[in-house]
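Visitor: Okay, here's what each chain looks like letter by letter:
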Amino acid sequence: MIRTFSYVDVMYLVAAARWTLALTSTAFVGSALLGFLFAIARISPIAPLRWLVAALVYIVQGTPLLVWLFMIFFGLPLVGVSVNPWLAAAVAFSVYGSAFLGEIWRGALVSIAKTQWEAGASLGLSTFQQLRYVIVPQSIRIAIPPTVGFLVQLIKNTSLAATIGLVELTREGQLTAAGTYKPFAVYITVASIYFVLCFPLTQWSRSLERKFDGAR
Amino acid sequence: MALVEVQRISKSYGALQVLTDVSLDVAKGEVVALIGRSGSGKSTLLRCINGLEPIQAGAIRIDGVQVNDPTTNLRKLRQEVGIVFQSFNLFPHLSVSDNITLAPRVVKNQPPEAARELAREVLRRVGLEDKLDAFPAQLSGGQQQRVAIARSLAMRPKVMLFDEVTSALDPELTGEVLKVLESVAREGMTMILVTHEMGFARRFGSRAVFMHEGRIHEEGRAAAMLAEPKTLELQTFLNAVLH
Ligand SMILES: Nc1ncnc2c1ncn2[C@@H]1O[C@H](COP(=O)(O)OP(=O)(O)OP(=O)(O)O)[C@@H](O)[C@H]1O
Ligand SMILES: [Mg+2]
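Protein chains in written order, with numbering that gives the first Met the number 0: chain F, 0 to 215; chain H, 0 to 242.
FYI, nobody ran anything at the bench for these hints, they're computed from the structure. A hint or two may mislead.
List time: in silico DSSO-like cross-link candidates among lysine-lysine, alpha-carbon distance up to 30 Å [unchecked claim]:
#, chain 1, residue 1, chain 2, residue 2
1, H, Lys107, H, Lys178
2, H, Lys27, H, Lys229
3, H, Lys27, H, Lys178
4, H, Lys107, F, Lys113
5, H, Lys157, F, Lys113
6, H, Lys107, H, Lys157
7, F, Lys155, F, Lys181
8, H, Lys75, F, Lys113
9, F, Lys113, F, Lys181
In this text the structure is predicted, and so the values were computed from the model without any measurement.
Assemble the whole structure, with the sequences as input and the hints as a guide.
Guide: The following block contains the structure:
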């Protein structure tokens, strides 16, 4: 039986957006942890480590996220590892995001002058202390705007998880559209919810960029 | 035994030989002025002394501890060897106080209040006690360089290296930094300073060392050597900088 697209459906969509946010948060934390390690590895003095991580980053950046998602969700069960959609999406998005965040953060770290490392070293700071007290605090201001930009991309990209059956905002939209035969109204609602999530972040990122440009 | 012993060191960047067979002993309390043309290897020599640059031959010892020995704890050694750079290299995200107390706190584990007291003391020595909570960007070049000197003093080093610390400054700011250097020298600090300030080298240098093409070309008592250069190269150099 065909329902009408009502206020209740809109509420269901808004409720499903929670899962979009949950997946985004999980993926962001995963990307951040892995990405930070990648960034450090990419500036480490150990050449093989740099090459290894660089290769990894290039591979991930040169392949579609959707393929990673399918590989993990449909591929792993074939070798005996069962994965639920949540885990598959969390892993795929984290790996994917880490390659991008890692590069953003590496760029921020190397943008700090070598003389700052030297000033720290000359005072007897260890390499870790130079990073912790001198380099990272200065890189953060540079890294924040592109990191927020990445977060916005991530929110939108989580819609790909709909393809493996994870019921987040887009998947809920598909289900509602199928039930109501009002795809246009439904997807406009879905798009609006994404917009409401992303727009403030975009604006925030812009204002941070302006602020840091002005401060320099 | 000399406090700083540089024994027949050689240093190259790839195929470019920058220091050749350089030997230099600096006794406790001595002030050595390092002079020479651009590219003669003065900065490189200083950077080798605190282990920022590796050397290919020879040995460097600070108070008996060998710098170019893989088993030496370079971090510990660098606490004894202060270096002040031409471009100040203050930490722009930290206040003057934090610039000075960072290393005492995290390297020497001093409690914050003691470190801040120390910052006050060294700032007093460079005449900037009122700038304790300013940020580097709010200071003039001369003030920033004095903070950099204070930051180095706060580690209570045995020897201090100064690499053209007045070269990036407007002439009217040079004087205030030289005054600080003079008072540090008078307090008995062992200093090696690369400088183009010949007047300063003559008055405060117990010794002058002239570097030419990566070698020590001439050295002697500062006043005498600068008044009566023996080699043609030093004469040419002095004529160029004095006129
Ligand atoms: N990191 C580096 N890589 C390659 N060559 C270098 C490097 N640093 C310095 N050099 C070269 O080493 C030589 C000596 O440089 P150095 O900076 O020690 O000279 P300097 O006497 O301090 O000159 P200046 O008065 O211009 O500061 C120069 O030929 C310089 O080009
Ligand atoms: Mg130099």
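Visitor: Of the hints given before, which are not true for this structure?
Guide: 9
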